[in-house]
Amino acid sequence: MEISLTELKAKIIESLKLQDITPDKIADDAPLFGEGLGLDSIDALELVVMLEKNYGIVIKDIEEGRPAFRSARALADFINARRPAA
Amino acid sequence: MASRFPVITGLGIVTAAGFGVDEVWRSITHGESGLKPLTLFESPRYGQILTGEIRRDLSELGAPLHGSRSDRLGWLAARDAIASSRIDLQNYGDRAGVLLGSSVGGSFDSERFLTALIKRGRMRARPTRFHECVSAVDWIADEFGLFGPSMAVATACSSGALAIATAAELIMSGEADLMLAGGADSLSRMTWGGFHSLLLVDTAGCRPFDAKRAGMSLGEGGAVLVLEAEETARQRNANILARLTGWGASCDAYHSTAPHPEGAGALTAMQSALRRAGLEPSAIDYINAHGTGTRDNDLAESKALRQLFGERIPPVSSTKRFFGHALAASGAIEAIVCIEALRRQEVPPNPGFTALDPAIGIEPVTSHRRAPLTHVMSNSFGFGGNNAVLIFSRADVTPLTRPVQLKPVAITGLGVIGPGTAAPCDIEPPLPAGKVLAHDCGTLDTTTLNPTQRRRTSRLIQMALIAARRSHHPVSPDRLSVAIGTGMGCLSSAAAFLENLVSKDEREPMPAQFPSSVHNAPAGQVAMDLGARAMNSAPTVGEISFECALWQSISQLSANEADKALAGSVDELNKYVLSIGQRWRMWTEQTRPGEGAVVAGLARPESATAPLARVTVVRLGRYRRPFDAEHETDWITDAVDLAKVDVLLSGAKGLPALEPLYASVAAALSKRAGREIEHQTYKQLCGEFHSASAFGFSVAVNLVRSQRRGVLLYTLALRGAKAVCFVQP
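Protein chains in written order, with the numbering used here: chain W, 1 to 86; chain G, 1 to 729.
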């Protein structure tokens with residue numbers, strides 16, 4: 001089953017403890033890092049943990065996850081492609 | 001003054017690649033790495049990857065059964081350093097001290113306390129006695145009879161190098177004739193899980209500067225140098241192995257874990273060390289790089305090297321694959337590698353390197369070889385962007401090192417969080433306990449902090465951030481140094497990280513908690529917040545942590561390495577401090593736990609327009625047991641003009657064991673002065689905690705301002721360290 005972008009955004013907000021941000025404030029294609037939400041390399045690591053905990057996707061090299069962290073939509077696509085079959 | 005040059009007369013080292021200098025050098029010349037699969041503890045997730053674990057039995061090496069694993073590594077190195085320098089420490093009295101770097105202190109052992117608590121609900125308080133970073137220092141000082149300055153610095157991976165640099169300043173300024181200086185750190189689940197959670201560990205073992213490098217290898221060890229003033233070393237006909245001619249420290253003020261991408265802070269620290277040594281870059285014959293093997297460190301370090309040396313980069317090697325990255329010990333281990341390189345005129349290789357990375361463009365030394373060496377440089381960089389660089393020179397060169405003379409400083413601002421008013425404590429300890437009265441500072445007003453600081457930093461760090469902002473009047477942050485001490489550090493972040501690690505068998509780690517758990521997180525975050533790029537330090541010395549931060553700050557200002565300095569200390573009340581104290585029956589009606597942060601802004605008097613007060617003396621040492629009030633009075637009056645002392649402000653009204661000690665010094669000082677010196681206290685206001693003397697300092701400043709009187713701040717630590725600080729109009 002494909003994951004919903006709203007659900008994923010909620011997971012991002014929860015795992016990064018983002019304050020004063022709701023899923024609807026994160027545009028599907030807006031960059032998560034740098035100028036977008038202002039996230040940094042430690043947030044990327046928190047997202048790695050979030051991916052493993054919620055979707056069973058293990059990332060051992062941060063470079064591997066880098067394209068996925070471009071935007072919420074890119075992350076959803078990454079999860080759908082990599083998610084272990086249930 | 002020339003005779004105060006620091007020289008090295010003894011070495012002690014214990015690492016995965018050998019015990020003692022000769023064994024270590026044999027491993028280096030044979031290219032034998034000490035990395036082997038981990039056996040010290042079980043790692044359910046990461047397994048037995050290559051690690052610099054010391055597999056020898058520490059008891060067989062002669063370490064008494066005492067303290068934590070870190071303590072024993074430090075003790076072994078100190079014992080061998082003393083033996084090799086053939087000193088008789090009895091002759092030194094208050095003139096010999098000890099200064100070690102530590103990043104996790106007794107964590108390996110206190111983890112067992114936490115594991116038992118989480119998995120079995122049992123509380124074994126004994127290991128927590130050795131949890132603090134200063135534990136090894138106190139033990140070594142007591143065991144070998146060192147009554148001079150004793151201090152631990154916890155600036156993560158640069159600790160060992162910063163400890164050696166600060167020890168050199170203590171010697172050059174005349175505060176000590178001899179210092180045991182270095183670092184000790186054992187492997188621990190904390191750092192193991194931490195670096196894994198940051199995806200910074202190379203499962204194939206570290207490959208510094210290699211094109212395929214994929215991270216670091218953890219290690220452990222102890223390394224201690226005997227650093228002496230040249231004049232006293234010559235008097236006793238000591239064998240001078242080498243000289244420490246330059247040292248420099250800086251802060252990236254960029255990120256809590258990642259280095260500045262252009263290596264800006266690394267460059268500043270190297271330049272500062274060269275300036276101190278009076279040398280040009282071209283004088284350096286070899287560089288022992290920090291070279292951890294992570295993608296980012298090695299790239300940033302190579303950029304800094306290119307900026308400093310241009311096309312003529314001296315031979316470079318990282319020796320991390322021999323030892324693993326022994327964190328706080330690593331700067332001291334590599335200092336010894338540099339000293340031996342000078343003595344033997346041999347360049348150590350960089351194991352793990354096979355292919356040049358075009359982005360780095362530097363090919364390190366690939367095989368051990370002979371070379372004429374006169375001056376060599378050792379780099380150490382750490383979390384929080386903390387950088388420290390040392391320059392060692394052959395024993396027979398004439399040093400050009402700039403002298404260090406401590407000068408009075410002006411207090412230009414004061415930021416205070418606390419004191420909390422005593423109230424029944426609502427923190428629930430892990431074990432049921434009676435009601436405790438505590439000085440809790442309550443909820444912090446974090447509205448001025450930025451969103452990242454609010455969501456990412458712990459309450460302890462936030463206390464330091466707010467106090468620092470209140471103390472600071474921004475002028476050229478490039479030349480601002482920050483030293484924020486802490487006794488217990490970020491215990492709640494460390495415990496949260498470990499609890500999660502233990503209860504989930506290393507699954508779902510908490511990467512954001514790990515960098516917050518290091519003792520220099522408050523100092524590092526303050527530097528990032530203010531853009532402070534000069535020295536950054538986190539002394540962790542029990543009840544005198546603040547005074548040590550003050551000493552380091554004054555030393556930076558006096559040497560013109562900073563134009564402005566922030567000196568402070570922070571400690572937090574949490575369920576661990578509360579329940580460990582309760583287990584040791586510390587908390588009573590009089591001895592109430594407290595917390596708080598105080599940061600003082602300091603400047604040279606000539607550049608301070610309307611100073612609040614001046615600090616004219618800061619002195620560090622250890623008291624005799626049994627306590628000798630007459631000796632204390634001699635020690636104080638040797639540095640302070642008693643005629644100008646109106647008030648003794650002491651750390652009494654806290655721990656009952658120290659009460660008679662303070663009272664006897666108050667009486668002896670009055671007797672010596674021939675008049676009544678008023679004895680005041682502050683712990684009845686703020687409670688008992690390791691940073692309480694920082695609050696005492698704020699009380700002293702207010703007394704000086706309101707009554708124009710000279711205030712002597714006198715602090716004793718339960719484990720033997722002491723400090724005196726004189727605040728005047």
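Since the hints were derived computationally from the structure, they do not count as laboratory data.
Note that this is a predicted model, so its numbers are computed, not measured.
The reader is advised that the hints may include incorrect statements.
Claimed, not checked - Over the 12 angstroms line for every Cβ pair with chain G, so calculated as not near, a few chain W residues: (1) 15; (2) 17; (3) 30; (4) 76; (5) 78; (6) 84.
Claimed, not checked - Stretches of chain W that chain G covers, calculated by requiring three or more beta carbons in the stretch to come under 8 angstroms of a beta carbon on chain G: (7) 3-14; (8) 18-28; (9) 31-45.
Unchecked claim - With a straight-line cut-off of 25 angstroms between C-alpha atoms, the simulated DSS-like cross-links for lysine-lysine are: (10) G:119 x G:575; (11) W:60 x G:119; (12) G:212 x W:17; (13) G:36 x W:60; (14) W:25 x W:11; (15) G:504 x W:53; (16) G:504 x W:11; (17) W:53 x W:11; (18) W:17 x G:575; (19) G:407 x G:644; (20) G:119 x W:53; (21) W:60 x G:575.
By construction, the Cβ of each residue, glycine as well, lies at the ideal position given by its N, Cα and C atoms.
Hints, one by one, checked against the model:
1. 15: Contrary to the label, residue 15 of chain W does not stay out of reach of chain G, its closest Cβ about 9 angstroms off (not over 12 angstroms).
2. 17: violated (4 angstroms)
3. 30: Its Cβ never comes within 12 angstroms of chain G, the nearest being 16 angstroms, so this holds.
4. 76: holds (21 angstroms)
5. 78: holds (17 angstroms)
6. 84: Answer for residue 84 of chain W: holds, closest chain G Cβ roughly 16 angstroms.
7. 3-14: violated (count 0)
8. 18-28: With 3 residues closer than 8 angstroms to chain G, the segment 18-28 of chain W meets the three-residue bar; holds.
9. 31-45: As far as the segment 31-45 of chain W goes, the hint holds, because 6 residues have Cβ atoms under 8 angstroms from chain G.
10. G:119 x G:575: Holds, because 18 angstroms separates the two Cα atoms, which is no more than 25 angstroms.
11. W:60 x G:119: Roughly 29 angstroms separates the two Cα atoms, so the pair is violated.
12. G:212 x W:17: With Cα atoms ~34 angstroms apart, residue 212 of chain G and residue 17 of chain W exceed 25 angstroms; violated.
13. G:36 x W:60: holds (21 angstroms)
14. W:25 x W:11: Roughly 14 angstroms separates the two Cα atoms, so the pair holds.
15. G:504 x W:53: holds (11 angstroms)
16. G:504 x W:11: The given pair, whose Cα atoms are some 20 angstroms apart, holds under the 25 angstroms limit.
17. W:53 x W:11: holds (11 angstroms)
18. W:17 x G:575: holds (23 angstroms)
19. G:407 x G:644: holds (18 angstroms)
20. G:119 x W:53: holds (22 angstroms)
21. W:60 x G:575: With Cα atoms ~35 angstroms apart, residue 60 of chain W and residue 575 of chain G exceed 25 angstroms; violated.
The structure shown violates the earlier hints numbered 1, 2, 7, 11, 12 and 21.
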